[in-house]
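Visitor: So the chains spell out like this:
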Amino acid sequence: MNLKKLLIKESILPNLKPGSKEEIIRQIVDFVASSGKITDRDSAREAVLAREEKMSTGMQNGIAIPHGKSDSVDQLTVAVAICREGTDFDAMDGNPSRIFIMTLSPANRVGPHIQFLAEISKILSRPELSEKLIEASTTSEMLALLTA
Amino acid sequence: MTNLTHATVAAVHHAAEESSHSITHMMVHLMIQLAVIIIVAKSGGYLAQRFLKMPAVLGELASGMIIGPYALGGKIHLPTLGTLFAENHGFAASAELYGIATLASIILLFLAGLETDLASFLRYSVVGSVVGLGGLLASFILGDLIAVVWPGNGIDTFMDPAALFLGVISVATSVGITARILAEKRKMSSPEGVTILAGAVFDDVFGIVTLAIVMGMANVRLSGGEVNWIEIGIIAAKAIGFFVVVTALGLIFARKITSAIKQFKSKEMIVSTCFGLALLLAGLAEMAGLAMIIGAYIMGLALSRTDLAHEIEHHMRGTYNILVPIFFCVMGMMVDFTAMKPVLLFGSVYSLLAIASKVLGCGIPAWAMRFNLRGSIRIGLGMLPRGEVALIVAGIGLASGIIDQGIFGVSIMMTVITTLLAPPLLVKSFEGGSGLRKEMAGGSEDIQSIELTFPSRDITEFLINRFIRALQNEEFFVHHLQTDQPTYQVRKDDIMFVLIEDGMTLRINAPAEHQHIARLMLVEELLSLSDLLEATQKMEDLQSMGNNLLAGMF
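Protein sequence lines, in the order shown, are assigned to chains V and L. Here the numbering used here = 1-based position in the first sequence + 1. Here the numbering used here = 1-based position in the second sequence + 285.
It is worth saying that the hints were derived from the structure and are not from the lab. Errors might be hidden in some of the hints.
[To be verified] Just the calculated beta-carbon pair ranges, DEER-fashion: (1) L/ASN833 x V/ASP72: 25 to 35 Å; (2) L/ILE744 x V/THR139: 43 to 53 Å; (3) L/MET838 x V/ASP72: 34 to 44 Å; (4) V/LEU50 x L/GLN548: 35 to 45 Å; (5) V/LYS10 x L/GLN548: 24 to 34 Å; (6) L/ARG751 x V/ARG42: 23 to 33 Å; (7) V/LYS123 x L/GLU400: 44 to 54 Å; (8) V/GLY37 x L/VAL783: 34 to 44 Å; (9) V/GLY37 x L/ALA573: 48 to 58 Å; (10) V/ASP72 x L/GLN548: 24 to 34 Å; (11) V/ARG42 x L/GLN548: 50 to 60 Å; (12) L/LYS338 x V/ALA108: 49 to 59 Å; (13) V/LYS123 x L/ALA573: 19 to 29 Å.
[To be verified] Derived, one-sided and incomplete: chain L residues facing chain V with beta-carbon distance under 10 Å: (14) MET554; (15) ASN758; (16) GLU760; (17) PHE761; (18) VAL763; (19) HIS765; (20) ARG776; (21) MET781; (22) ILE802; (23) ASP816.
No experiment lies behind these values; they were computed from the predicted model shown. We put the CB at the ideal spot given by N, CA and C, even for glycine.
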């Protein structure tokens, strides 16, 4: 899967502020909506929150993958957000989450949606890479790390 | 002038009528021949499988021998059409029937290439190559030499085209028969099983390259030229070059080609285009002085590493099942029993050598590598059966006039004997302990299992079905393997894993690098299962639903 096609500099939010799960998701959805990719930000947020209610997407080692299916997007829409301070996202290992990969995909559309999450999780499963990502100062550096 | 015009028009009209009549006549004859062949060959294949526990190909061959022009077929006369199967210029099949058989042989080799497991071949390539090469050299040299030393057949040099063909015919192992036995005995992934399968891939690929070289040499000899070593070198380089270059190009560009073809968004279009390309490459191979089947095999091989392999195979299986028995039946029809009588003794010795060459040629290298005597014998016997490729090569030899009816019969005899002998001997050889000299050093495979057990088989089956649908929605190709346990192979680009329904347990065997996608998708499906359970709580009372359905029926 070619991550370069989906990930661009403009889909990276480098300074996510710590907060509750709802606030984190609101910030990321608003960020994506500001680029005009979401038609109805409330329903997009609800879709992601509904998925979180079933089971938290806070994984291990500071990584979280909030995602949802919503018709407020017409194609797979992705965002990478970094919260350097770390924030509680109800992670599996109880540690604060620092890297958030969010995907929104249309409800009944065929396409490699989960595969995107899988590919990026595979990259982030290398601890040295997630450290570098957090330390990176510009979105260009972050993009280069994710798509290298 | 007018009269002349009238006469011309009438003549043209008459000629057209006659030719259309003759074409119709020819086609009617062909259709009836095909009807007989398909029904008889399929029945023969079925009987061989069902009652003799033998591969269908043997039944199909035998059917051909029975209904061919040299047996029953030559004695049956049809009203207005003439003899059911008549000899045509010394050839057992009419041009149109042989055309259909040729198409079948192309489909056969295209699918053989498509099913080639290059990955496992590469993984076990060292021991597989040595075993395959040993068998190839031994069988080629012995097959050729016996023709040279046998008195009275007019073959007196190693480079005689007929001798070369006898060598090539005895090369190609038909691993299908062995694979079936290995699967039945659950020995497919044993060290011997893996070595046999890797060896057979080597044997297939290099058997085809050998055929290409021999075809080149035979063509030079047939056109009256003398083959010298420089020329052999050039021919070999050309054949290997064609094979290596086209296969490498195919493997490199397969992804690009398939992603272009995938733009069609229609599986029928995708499959047809790929098959069209196989036919095109078959034609190009023949034009390059090689055999058509070589081109078809290369196209299959190139596509074997793409995610389309199973889709093509699945869609072509029906055509394969109908057409390929025609090929074997036509091959059987070509056996002229009277021409075989004088060569029966030669055929027996040739068959015996074909057995010895594989058992020793593959067994000795296996023994030298890491197997004990038991393991080496298993490997040798596993490589023993010849089948489809031997028959195709023999057919090519007969059609091009390089070998005669007698030698062709000898080839069929060898194919039948090795195919008949292999299964019982192989089953017997797998009794007893390990075939390794010392146990293989720890499994280096990177495959890990993910297992989930549910409270009932129904839930497992339900979740697997949902999981498969989700995979298809993510544009994965899911292929149902014909095994005892419901097993699915999941592929997309270079991702591949296996999904198994084992009673109440769902198992996924995936390489570590592809576990992320399997795990994430499974989690989503588990969560959707809980949604579903919640939804059922909200359903109308089942009793009243049932009552509504049955109300007014009685």
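Visitor: How does the Cβ-Cβ distance of V/LYS123 and L/GLU400 compare with 44 to 54 Å: does it lie in that range?
Guide: 29 Å Cβ-Cβ, so the 44 to 54 Å window is violated.
Visitor: With 10 Å as the cut and Cβ atoms as the points, is L/ASN758 at the interface with chain V?
Guide: holds (5 Å)
Visitor: Determine whether the Cβ-Cβ distance between L/ILE744 and V/THR139 falls within the hinted range of 43 to 53 Å.
Guide: Check passed, 49 Å falls within 43 to 53 Å.
Visitor: In this structure, is the beta-carbon distance linking V/GLY37 and L/VAL783 contained in 34 to 44 Å?
Guide: holds (43 Å)
Visitor: In this structure, is the beta-carbon distance linking V/LYS123 and L/ALA573 contained in 19 to 29 Å?
Guide: violated (43 Å)
Visitor: V/LYS10 and L/GLN548, beta-carbon distance inside 24 to 34 Å?
Guide: holds (29 Å)
Visitor: Okay, V/ASP72 versus L/GLN548 on CB: inside 24 to 34 Å?
Guide: With Cβ atoms ~26 Å apart, the hint holds.
Visitor: Given L/ASP816 as an interface hint, is its Cβ closer than 10 Å to any Cβ of chain V?
Guide: holds (8 Å)
Visitor: Does L/ILE802 hold up as a contact with chain V if the rule is Cβ-Cβ below 10 Å?
Guide: This hint holds: L/ILE802 lies near chain V, its Cβ roughly 4 Å from the closest one there, short of 10 Å.
Visitor: Against the range 23 to 33 Å, how does the distance between the Cβ atoms of L/ARG751 and V/ARG42 compare: consistent or not?
Guide: Hint holds: Cβ distance 30 Å, inside 23 to 33 Å.
Visitor: Has the hinted range 35 to 45 Å been met by the Cβ atoms of V/LEU50 and L/GLN548?
Guide: holds (37 Å)
Visitor: Take the C-beta atom of V/GLY37 and the C-beta atom of L/ALA573, compute their distance, and say whether it sits inside 48 to 58 Å.
Guide: 56 Å Cβ-Cβ, so the 48 to 58 Å window holds.
Against the hints set out earlier in the document, violations occur for numbers 7, 11, 13, 14, 18, 19, 20 and 21.
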